[in-house]
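Q: Please take these sequences and the hints and turn them into a complete structure.
Chains as they are written, first to last, in my numbering: chain A, 1 to 202; chain B, 1 to 521.
Hint data in this document are derived by calculation from the structure and do not stem from the laboratory.
Keep in mind it's a predicted model, so treat the numbers as computed, not measured.
Be a bit skeptical, because a hint or two may be false.
[What the hints assert, rightly or not] When the alpha-carbon atoms are kept at most 30 Å apart in a straight line, the in silico DSSO-like pairs for lysine-lysine are as follows:
no.	chain 1	residue 1	chain 2	residue 2
1	B	Lys421	B	Lys398
2	B	Lys282	B	Lys375
3	B	Lys133	A	Lys71
4	A	Lys63	B	Lys164
5	B	Lys174	B	Lys366
6	B	Lys133	B	Lys265
7	B	Lys174	A	Lys76
8	B	Lys133	A	Lys20
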Amino acid sequence: MSAPNMAFNRIQRELAEVAKASDAEKGIVSLEAKDGRLDHLTGVIKGPPSSPYEGGTYVLDIKIPPEYPFKPPEVKFATKVWHPNVSSVTGAICLDILRTNWAAAMTLRTVMISIQALLGSPVADDPQDAVVASQFKTNRSLFDSTAKYWATTYADAPSEVPEMKEKVAQMVAMGFNESDVRDTLSWSGWDVAKALEKLAPE
Amino acid sequence: MAEGDDDYYDCYDDDADEADFATTSEELNLDFGVNLKNIDADADPEAFSYTSLTHEEVKQIIRTAVEFVRNKLNLSTGVAKNLLIENRWNTEDTVQTFRQDEASKHVPSAFARLRNRTVSESMSECSVCYTTKTRDNMAENTCGHSFCASCWNSYLESQVAEGKGFGITCMDSKCDVNIGEDFVMEYLTDGPSLQKYERNIFRTCVESNPSLSHCPTNNCDNYFFSSQPDSKRVVCDKCQSSFCFVCGSEYHLPCCCRTIRQWWKKVMDDADTSSYISSHTKDCPNCESSIEKNGGCNHLICRQCKYEFCWVCLEDWKSHGAEYYVCNRFNAKKAADAVAAAAEVATVVIPLAVNKPNVRRLALNKYLFYLERWKNHEQSLRLEENLMNQIHDRVQKKVQNREGSLIDWQYLMDAGKLLLKCRRALQYTYPFAYYLEDGPSRMLFEHLQAELESTIENLSFTIEQGDKLDVAALQAQMRSAEFRRRALFRDAKEIKTTAAQAILQAAEPQKTICSFQTVRP
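A: What follows is the structure, encoded as structure tokens:
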């Protein structure tokens with residue numbers, strides 16, 4: 001079997017390449033080993049321009065399997081994101097190159113670029129999160145503002161979505177946990193009554 | 001199949017079981033007035049000729065075809081094999097598609113140029129492990145992408161470990177060229193992985209070749225060849241298992257592979273639902289909504305149309321006025337229960353949300369009708385297998401008591417075999433009929449089915465008579481049964497052919513439910 005040694009050599013080279021490449025303008029911010037471990041990395045990408053994620057900073061959690069690069073890295077979002085191909089709960093990503101279409105000659109840099117591209121152009125027909133995907137298809141403007149609200153809240157994007165912020169504040173004032181309120185409101189299409197029913201049945 | 005494989009074209013009727021009962025044509029005009037003279041083994045719609053092959057023989061067939069394509073197109077054996085798998089081992093198609101497709105992903109001419117280019121640098125970097133290697137340590141696939149030998153080995157090993165054989169693609173991120181067998185053999189060094197790879201690719205070769213079939217029994221290494229592949233019965237001469245040549249599951253004519261798969265799935269999926277609906281719900285006699293009664297008395301008020309009726313007899317409740325809560329079709333005990341429940345006025349009625357309830361109910365009833373008959377025959381088949389054993393014992397005993405030799409009692413064995421054969425056929429006519437569309441062809445089919453059914457019931461009865469049995473009557477019944485079995489299968493074949501034409505004309509394959517298949521999917 002492929003020695004982890006080989007995977008580590010390659011990872012070190014990949015880290016160095018991302019570090020020296022002038023990818024910043026392309027949206028790849030950084031790729032670093034977590035606690036010095038080469039099998040668990042952290043990648044940071046920017047939300048693509050002219051998307052609801054614009055200005056946001058997204059952290060990716062990257063695990064390297066021992067068979068790497070013959071098996072794909074396991075990548076998920078550590079930052080919460082509202083996107084049809086990303087689970088709004090776990091951050092799991094639905095992307096072909098992370099599963100069947102992985103090729104050994106691909107690199108973590110190409111993976112990060114692909115994920116950034118995925119943020120900019122969602123594929124609603126191959127969803128990871130059914131709630132988000134159906135909203136994306138049926139109510140595009142609500143989807144856009146929810147994604148923007150999540151970007152502001154979790155990814156430090158500069159834009160503001162005042163009406164959503166207000167609804168959250170209103171429910172937090174009733175004594176609910178803020179992050180539960182955000183999730184539940186988003187899943188209920190920002191219908192306060194529905195969200196209340198879910199958070200406090202009966 | 002490959003040209004030059006003439007050895008395997010000669011098919012003999014190995015199907016001992018099928019050939020066992022060949023009605024001899026000496027008897028004419030039987031009691032039912034049909035001339036059986038022209039019924040012989042060749043005309044049996046269930047007859048199927050195939051020959052069994054060893055692992056080595058199959059390998060030889062594969063090799064011959066690969067060599068043919070390889071020589072014709074001047075390719076490596078690996079690429080030739082991949083092409084044949086993709087073209088389902090039709091050598092003509094393979095050669096033709098390849099020539100038409102010369103600019104596509106298999107094109108070796110372009111690759112050959114790449115292969116022969118003069119390499120200036122003696123060292124190069126493998127873009128998978130990022131190490132610099134001498135040119136000798138690099139290996140190039142037919143697509144021209146080059147990686148180091150140890151990366152190829154690790155990659156191939158991990159792919160084989162995932163169960164892949166055919167269809168391992170190049171490591172390059174934008175390349176989907178299938179890696180050929182010869183390349184794998186050269187660069188995969190791990191012994192067990194290599195063996196696994198060979199097994200995988202061999203299996204793919206057999207499965208992609210419509211003329212070949214393998215015994216589905218675990219660890220039975222027996223293969224079959226037929227020049228006219230069809231979904232007919234194969235009996236393995238090594239392990240005696242019996243299965244369909246095309247799909248490898250239980251033999252299922254007159255149903256085609258797709259129909260029977262659909263039916264099995266339906267029977268599995270619907271087992272609980274349908275029995276629940278049939279036993280717990282009824283249709284409102286007025287508006288035909290499906291109603292589940294989940295408690296209370298038998299005085300129901302439909303939520304949809306407000307019609308009041310009796311759950312037991314489904315009559316208007318007004319007619320029950322004088323004998324409140326007592327229905328005359330009710331049995332005594334239940335009637336008593338109903339009276340006891342009289343105090344409980346509240347009745348709960350849940351109309352199940354369905355668009356066209358009567359249609360749904362009809363469909364369900366239809367399904368249950370066929371299912372019940374399917375199961376009945378299945379049950380009879382099991383009982384008659386026991387009967388067959390009894391016959392066998394009986395014959396043995398008679399021979400021991402010197403009441404004639406084995407040959408004298410052969411007719412009894414034949415009768416038993418015929419009974420089982422027809423019973424099985426009948427069982428599988430039910431899914432076939434279930435998927436038939438209404439119309440004259442269905443009526444004819446069901447008529448033939450009913451005829452066979454009644455003959456078989458008589459035959460079964462006669463055989464069970466034991467020693468008192470009338471040999472002449474038995475033989476007449478056997479001829480009748482055989483004749484009707486063939487008529488039924490011929491008709492089924494006719495229907496499938498018509499359905500095939502209908503599909504071709506309509507160019508809408510999904511619509512015709514009774515499909516047909518002569519080649520492996």
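Q: Now look at each hint and say whether the structure bears it out.
A: Hint-by-hint comparison with the structure:
With a C-alpha separation of about 25 Å, the suggested pair lysine 421/B and lysine 398/B falls inside the 30 Å cut-off, and the hint holds. With a CA separation close to 24 Å, the supplied pair lysine 282/B and lysine 375/B stays within the 30 Å bound. Note on lysine 133/B and lysine 71/A: the hinted pairing holds, with a Cα-Cα distance of about 23 Å set against a maximum of 30 Å. For the given pair, lysine 63/A sits about 24 Å from lysine 164/B by alpha-carbon distance, which is consistent with the 30 Å threshold.
For the proposed pair lysine 174/B and lysine 366/B, the alpha carbon gap of about 53 Å is over 30 Å, so the pair is violated. Among the hinted pairs, lysine 133/B with lysine 265/B is inconsistent with the structure: their alpha-carbon atoms are about 55 Å apart, more than 30 Å. Between lysine 174/B and lysine 76/A the alpha-carbon distance is near 23 Å, which keeps this suggested pair within the 30 Å criterion. For the hint linking lysine 133/B to lysine 20/A, the alpha-carbon distance of about 24 Å falls within 30 Å, and the restraint holds.
Hint compliance for this structure: hints 5, 6 are not met, and every other hint is.
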